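Asks: Use the sequences and the hints to build the structure in full.
There are 2 protein chains.
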Amino acid sequence: MINQQSCSSINSQLVERFGSFTREEFMDRAKSFHGCISPGVLVGGIMVDSAMELLPQGTLFDVICETRSCLPDAVQILTPCTIGNGWLRILDFGRYAVSLYDKHQGDGFRVFLDPAKLDHWDEIKTWFLKLKLKHDQDNVRLKEQILTAGKEICTIQPIHVKSGFRTNRSKGIINVCSICGEAYPAKDGLICLGCQQELPFRIRN
Amino acid sequence: MINQQSCSSINSQLVERFGSFTREEFMDRAKSFHGCISPGVLVGGIMVDSAMELLPQGTLFDVICETRSCLPDAVQILTPCTIGNGWLRILDFGRYAVSLYDKHQGDGFRVFLDPAKLDHWDEIKTWFLKLKLKHDQDNVRLKEQILTAGKEICTIQPIHVKSGFRTNRSKGIINVCSICGEAYPAKDGLICLGCQQELPFRIRN
Chain C
287 MINQQSCSSI
297 NSQLVERFGS
307 FTREEFMDRA
317 KSFHGCISPG
327 VLVGGIMVDS
337 AMELLPQGTL
347 FDVICETRSC
357 LPDAVQILTP
367 CTIGNGWLRI
377 LDFGRYAVSL
387 YDKHQGDGFR
397 VFLDPAKLDH
407 WDEIKTWFLK
417 LKLKHDQDNV
427 RLKEQILTAG
437 KEICTIQPIH
447 VKSGFRTNRS
457 KGIINVCSIC
467 GEAYPAKDGL
477 ICLGCQQELP
487 FRIRN
Chain W
287 MINQQSCSSI
297 NSQLVERFGS
307 FTREEFMDRA
317 KSFHGCISPG
327 VLVGGIMVDS
337 AMELLPQGTL
347 FDVICETRSC
357 LPDAVQILTP
367 CTIGNGWLRI
377 LDFGRYAVSL
387 YDKHQGDGFR
397 VFLDPAKLDH
407 WDEIKTWFLK
417 LKLKHDQDNV
427 RLKEQILTAG
437 KEICTIQPIH
447 VKSGFRTNRS
457 KGIINVCSIC
467 GEAYPAKDGL
477 ICLGCQQELP
487 FRIRN
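Listed in order, the protein sequences are those of chains C and W. Numbered according to my numbering, the first sequence spans residues 287 to 491. Numbered according to my numbering, the second sequence spans residues 287 to 491.
Don't take each hint at face value.
One copy or any two copies: either way a pair holds, since identical chains are not told apart in the list.
To be verified - Below, simulated PhoX-like cross-link-like pairs (lysine-lysine); rule was C-alpha separation at most 20 Å, straight line:
| no. | residue 1 | residue 2 |
| --- | --- | --- |
| 1 | 473 | 437 |
| 2 | 448 | 403 |
| 3 | 420 | 457 |
| 4 | 418 | 457 |
| 5 | 457 | 473 |
Rather than coming from a laboratory, the hints here were simulated on the basis of the structure. Quick caveat, the model's predicted, so the values are computed rather than measured.
Replies: The following block contains the structure:
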């Protein structure tokens, strides 16, 4: 748990809320959904909350996540956007960035964890840039720093998401693959994408 | 809601349980997490449950989903595996298939919705192969058919997931991109993947 006293020396307040959740409620959700209160889901929660705050009240929004790590779960805990309902999309550029934008108009906000803002937060910098082994991290201090820094370590950019990306989602006509016998989007080719490449699994006898 | 009476004519029982949830509990979860009880998340729940049943009790498992549509949310509702904790991975082949496998040994089961088993389920076939417009679907009948058919419309294959896929997950060394100033995995190249391509959004002034 976070020790509030040990943060008082830097004369700052801990993040109190994540969207409609209190800090404790968000942590409970992180634990049950994500499996643990990881630094990534914690800083992700702050990032998602920062973008939500900037959207006009009642905006129907979609989300782009630029990493597969942790951040998508903060989105799925705090917003109605999930990977399966398609309102959350992951473009895996390996950047710790999330964008929330009006699904009709395309205007929104991109928030990223900014390496240039980490000089006063040694434990966050060390974790984010992997400057020491995970085993040598001080996890309690890391989470304290994240909850104390809050959005101070993020950079927020107003963005516009192009209309083609917002609207072009149909799978189109469905074919049955002549090799595996499964259904797939005809636009993928004469056979399905699964049969076009080497798979990471094999059928056991 | 599902009308149990109208299914009695085909002399079969509705699916009662999804993992540790009753049917009603699963539907409530689908509504709150996925946003609605879509046919995809319903059949997805049956598929995930079928694979879980076959894994030895207590197996620590990971998941591969071969589509982004609906199915990943059934996984996230019924298992501890999420997109952000990395225990669920999506290989978007556009096939309605899910694999659950022992994360250490690699053995598990792949379940797919089988077009060859849909001849007695006209509404499921019509929806799955997109044989008529969404607007013309009979959604109540579709969900009744899904809950009556249960795993009868699925094919299950024992699989082995290759060790390289199971273990090779590290981002490796982290760089700061000289163009955008953001952190990214050094193995992606001299600049980050985001700066290597055209993005679906632009920064607003």
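Asks: Now, for every hint given, state plainly whether the structure supports it.
Replies: Hint check:
1. 473 <-> 437: neither (42 Å within a copy, 28 Å between copies)
2. 448 <-> 403: neither (29 Å within a copy, 41 Å between copies)
3. 420 <-> 457: between (41 Å within a copy, 13 Å between copies)
4. 418 <-> 457: between (44 Å within a copy, 14 Å between copies)
5. 457 <-> 473: Classified as within: same-chain Cα gap 8 Å, cross-chain 32 Å, threshold 20 Å.
Comparing the model with each numbered hint stated earlier shows that hints 1, 2 do not hold.
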